[in-house]
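What follows is the residue order along each chain.
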Amino acid sequence: MEAIELERVTLARGERVVLSEVTLAIHRGEFIGVFGPNGAGKTTLLQAILGLLQPVAGGLTVFGAPPLRGNPTAGYLPQQRASVADLRLRGWDFVASAFCGERWGLPVYGRAGRVAVDRAIEIVEAQGLAARALCELSGGELQRLLLAQALLGAPQLLLLDEPLLSLDPHFQRAIITLVKRIGREQGITVLFTAHEVNPLLGAMDRVLYLGQGRAALGTVEEVITGPVLSRLYGSPIDVVQVADRLLVVSGHGAVDADAHRHDA
Amino acid sequence: MPIATMLEYEFMRHAFLAGSLVAAVAGAVGFFLILRNLAFAGHALSHVGFAGATGAVLVGASPLWGLLAFTLVAAVVMGLLGERLRGRDVAVGIILSLALGLGVLFLYFYTSRATQATAILFGNVLGVDRQTLWALAGLTGVSLGALGLISRPLLFATLAPELAEAKGVAVRSVAVLYLVIVAVAVAEAAQVVGVLLVFALMVAPAAAALRLTTRVAWGLALSVLLALGETWAGLALAYWTDWPTTFWIVLLSCSAYFLSLLKGAGGSASRPADAH
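Going line by line, the protein sequences match chains A and B. Number 49 in the numbering used here belongs to position 49 of the first sequence; there are no gaps in the numbering. When you read off a place in the second sequence, starting at 1, and then add 1000, the result is the number in the numbering used here.
Bear in mind the hints are in silico, worked out from the structure with no lab data behind them. Worth double-checking, as some hints may not be accurate.
To be verified - One-sided excerpt, in silico: chain B residues whose CB lies under 8 Å from chain A: (1) Leu1144; (2) Gly1148; (3) Leu1159; (4) Ala1160; (5) Glu1162; (6) Ala1164; (7) Glu1165; (8) Val1171; (9) Arg1172; (10) Thr1214; (11) Val1216.
Since the model is a prediction, treat every value here as computed from it, not as a measurement. Just so it is clear, CB atoms sit at the ideal spot from N, CA and C, and this is done for glycine as well.
Build out the structure end to end from the sequences listed, making use of the hints.
Next comes the structure, spelled out in structure tokens:
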């Protein structure tokens, strides 16, 4: 059984078609880097997998079943972060709020909950951060806690929506290494969206590149090429290799240089 | 008058009971108000309630229910407008000025009740009658029950709204339901400290609690305990000095907040400058 299967899936946001008749399959345990320009459909695809968005056409299955909102086997690190960064609340409590947070009642977690939260914090190596207040943490440290939240409930699928945004290279490497290790150790299928290909070069199994309603899924050598990207961007693109780094260049300069301008 | 005789008077017993019922709700609800950055919304709701209270007096109904009716409607409207209200302080301020203005008009038409105005604006916990006491008990039960029921998804949706949405929490509905609970809390708090000073019971204790602890459970408990303590001490001081209860409660709650700032100042470190 594949982790995620798309069979001629069309996704739309209101009037705008984001993905058109896309067919692809992601295997269990794969680490997939998901790329594409803003508006290409990275977040939309993740939301469809989470059951937050219904495909307009086609069949989308997650571990053989239709996507279910609130699916416990899917861990999610969303892109838009609420302004919790200013709260004087303990990191541990922040992570714990996501433990069965959808259930009614009081926010008491019981023994099972405490063990699960401690375990998630341990996996992301954030024990020192858990006792501190959110307002005292840096962006990279807060990201670890968000990752811990995503890992609660031992998911088989991890969907990370631009986890590298506004992190400096040191923290980017740390998060990628962490996610790669967790994915390998626990056999978790990972979808990791980003703007820059290079940080993920050593970690990805395959690349999923979205653009103009189309998708290309394959190895780095197969997908990060001039012809493939030109088709996806709808304008001439060249891929240049400098040492072991890839530079994606359009007629207007490096493509990813604009990537960080986000209307977040 | 010596404090020992305080509880021999029925009006004082009523005042302590009413104050306790209100403080418990205000403390608990106020905690989430701070977390959700809705302190101003709580303030605005009480002003809208003023028009309801004075309108009720004009038609001969109980000001509490008039207040509650208006705050409930305003809460639902606020909840449905949701994100569109964020940063719209001017719009909200204009609405509540309008409400206050309307309230003044209603009072003008009912000229023989100047004391009623003071009571609505600044509270009248020493004048709580049995009927109001029962009403407060009922409202406290309902609001604390409802808050207890939604507190888990509410906390989740407050701290991680996108993740909560993905996990199946009806974030919008929880938000509206919470604001309805706030409306009830505001109506209750107004009975003790009046419409203008609801902030003192609903925001100050919770804000102080969050400066004294970073744990959710302790913060919630502390918020309620502070609100209760400030109300009881305020009543005792009012009995002893004959000065207004509202004044004492406000003084105590604001002092507690300032004291909590002193404690917090030592502990909060600036964010490390590495990632960005």
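How the hints compare with the structure:
1. Leu1144: 11 Å, violated
2. Gly1148: Glycine 1148/B check passes; min Cβ-Cβ to chain A is 6 Å, inside 8 Å.
3. Leu1159: 5 Å, holds
4. Ala1160: Holds - the Cβ of alanine 1160/B comes within 8 Å of chain A, reaching about 6 Å at its closest.
5. Glu1162: 4 Å, holds
6. Ala1164: 6 Å, holds
7. Glu1165: 7 Å, holds
8. Val1171: At about 10 Å, which exceeds the 8 Å cut-off, the nearest Cβ of chain A leaves the hint on valine 1171/B violated.
9. Arg1172: This interface hint is violated because 13 Å lies over the 8 Å limit.
10. Thr1214: At 4 Å from the nearest chain A Cβ, threonine 1214/B passes the 8 Å test, so the hint holds.
11. Val1216: Since chain A brings a Cβ to about 5 Å from valine 1216/B, closer than 8 Å, the hint holds.
Hint violations for this structure: numbers 1, 8, 9, all remaining hints satisfied.
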